[in-house]
Amino acid sequence: MSELLQFTFSGLTVGAVYALVALGFTIIYNASGVVNFAQGEFVMLGGMITVFAHAAGAPLPAAAALAVVATAAIGILLNKLAIERARGASVVTLIIITIGASIFLRGAAQLGFDKQLHRFPSFSGDDPIAIAGATILPQSLWMLFGAAVVFAALYLFFTRSLTGKAVLATANNKLAAQLVGIDTDFVMALSFGLSAAIGALAGVLATPITLTSYDAGTALALKGFAAAMLGGMGNPFGALVGGLLVGLIEATTAGYLSSDYKDAAAFVVILAVLFAMPQGLFGKSAQERV
Amino acid sequence: MLSVEGLRSRYGRIEVLHGVDLEVKAGEIVTVIGANGAGKTTLLRCLSGVQPVAAGRIVFRGDDVTRTAGHRRLGAGLAQVPEGRQIFTNLTVEENLRLGAYLFSDDRVDSDMAEAFAMFPVLREKRNQRAGGLSGGQQQMLAMARALMGRPNCLLLDEPSMGLAPILVDQILDVVRNLKSLDVTVLLVEQNAYAALAIADRGYVMETGRVTMSGPAAELIADARIREAYLGV
Ligand SMILES: Nc1ncnc2c1ncn2[C@@H]1O[C@H](COP(=O)(O)OP(=O)(O)O)[C@@H](O)[C@H]1O
Ligand SMILES: [Mg+2]
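Just so you know, the protein sequences line up as chains A and B, in that order.
FYI, the numbering for the first sequence is 64 to 353, going by my numbering.
FYI, the numbering for the second sequence is 100 to 332, going by my numbering.
Calculated directly from the structure, the hints in this document are not laboratory data.
Even glycine gets a Cβ: it sits at the ideal position worked out from N, Cα and C.
Warning: the hint list may mix true and false statements.
To be verified - Every beta carbon over 10 Å from chain B, so not counted as near; a handful from chain A, in silico:
1) L219
2) L225
3) D246
4) S276
5) L311
6) S321
7) L334
Said to hold, decoys possible - Okay, the calculated beta carbon distance ranges per label pair:
8) B/N252 x A/A136: 46 to 56 Å
9) A/R148 x B/A323: 49 to 59 Å
10) B/A154 x A/V155: 43 to 53 Å
11) B/S234 x A/G96: 24 to 34 Å
12) A/G96 x B/I113: 46 to 56 Å
13) A/A118 x B/N252: 52 to 62 Å
14) A/S153 x B/N277: 42 to 52 Å
15) A/P122 x B/G174: 26 to 36 Å
16) A/R148 x B/R276: 44 to 54 Å
17) A/L225 x B/N277: 27 to 37 Å
18) B/R276 x A/A149: 37 to 47 Å
19) A/S65 x B/S204: 46 to 56 Å
What the hints assert, rightly or not - Stretch-level coverage of chain B by chain A, calculated; a stretch enters the list once three of its residues show a Cβ under 8 Å from a Cβ in chain A:
20) 177-191
21) 201-208
Using the sequences and the hints, build the whole thing.
Written as structure tokens, this is what we have:
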């Protein structure tokens, strides 16, 4: 029992990161129809920029804030310099552009930073907290708390604010959005900035536990993408559930079987779900999206 | 109010508007009729800035807006109810209307919405439903109400009667006729030529990217060539 609780804790912790990465995919996908394969690099940049800013003397909170803001700026630049320039190109072309951007960002991080594994101190120390026979790290609580805050804030943004509605409107019907006066280029820039900031925040929260390096983004992007597909690409709630599920499947497989099987188990479950429900758990059918 | 001079536009390398001239004066209802593929929708897309103009000029209320970005045309007073309605299907009826007034956040938004509901009571009943679930006629009403939420001086309508039962066509065109009393100037594109000419002050006939005839609506209705080609009599 306490064993299962222990696996649940570690599953939710890593699942929170996957959920944030999946959310980043979701926001850009909704605004543009593009799956942004540079999403994992946003997470990496969040961690790496914090590491190097902190090492250069910045207090941890300031280094983390700088990392989030700088990564958001990089996301906006990616949209401005690469995606916006290719206006009118097919979605496949745009996806290939994001793959190129991901390779570029990884290379730039390798040159600009280094090839070592890095971490910075946990926000509230490393003494495990005992709960019902299991333990959880304070940093895990930070990760769960951070993910909860991001999802709640985004929910309010999309349901309560006119700007949030404008993003949904642009995703739903770009022509109509322009006709009611929405600057759809701004919506795209906002979506990239927001996705990048969320990715960077995930990196900031996770790095004390998972460590980071210039190539840490690839695996995260894969897991986050799988989580988004599992939940139903385009649905923020699906991203949350998909992320947590992938994390839980991994952690229980690693705990009860072997960590050799954890990636395989997650992908088997995802394939099984997608076989039965091609739109994912909470995805809309193709008909409904039109 | 609106004048178009020598307007040319193309899709890729294929030109589909070959120099269109057209004028709409304040307070008028002007209609553009023409067969499928004549270029009517392309003309309205150019006017709303969502289609590149290759040559020519669009002057709206004294300003050259030929190169003005699409999302700025409504702010200048030019709204469009596009072909196929193009409502936000995943959002509610009320959200659609609120987004129609995206440029505004004053008290008038609420009173405009009350007015829209008074004009189309069925939208009030369905205000919290997903717009994609509305019938064709209701979607057309929503598209018109959403455009009016943007407080336009001039409204472009692209085939509002398309795909509607005759009784709904009458209802929609009645609303268009009544826009005069709201001080909204109208440019109405229709394939349903008779119904459009019946409510218009003036009309233009478009054929394969050109204006081939124009004049007072009453004269066009009486013209033998138009009766044969577009009115089926
Ligand atoms: N997206 C498009 N790409 C290429 N050609 C188009 C496109 N839309 C319309 N056309 C062509 O432009 C011409 C004018 O079309 P359109 O403006 O839709 O006419 P109408 O509204 O009068 O039916 C037609 O020959 C049509 O085939
Ligand atoms: Mg048309």
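Here is how each hint holds up against the structure:
no. : hint                        : verdict
1   : L219                        : 15 Å, holds
2   : L225                        : 7 Å, violated
3   : D246                        : 5 Å, violated
4   : S276                        : 40 Å, holds
5   : L311                        : 30 Å, holds
6   : S321                        : 44 Å, holds
7   : L334                        : 28 Å, holds
8   : B/N252 x A/A136: 46 to 56 Å : 40 Å, violated
9   : A/R148 x B/A323: 49 to 59 Å : 54 Å, holds
10  : B/A154 x A/V155: 43 to 53 Å : 33 Å, violated
11  : B/S234 x A/G96: 24 to 34 Å  : 28 Å, holds
12  : A/G96 x B/I113: 46 to 56 Å  : 26 Å, violated
13  : A/A118 x B/N252: 52 to 62 Å : 60 Å, holds
14  : A/S153 x B/N277: 42 to 52 Å : 44 Å, holds
15  : A/P122 x B/G174: 26 to 36 Å : 45 Å, violated
16  : A/R148 x B/R276: 44 to 54 Å : 46 Å, holds
17  : A/L225 x B/N277: 27 to 37 Å : 29 Å, holds
18  : B/R276 x A/A149: 37 to 47 Å : 45 Å, holds
19  : A/S65 x B/S204: 46 to 56 Å  : 54 Å, holds
20  : 177-191                     : holds (count 9)
21  : 201-208                     : holds (count 3)
In the structure shown, a violation is registered for the earlier hints numbered 2, 3, 8, 10, 12, 15, in ascending order.
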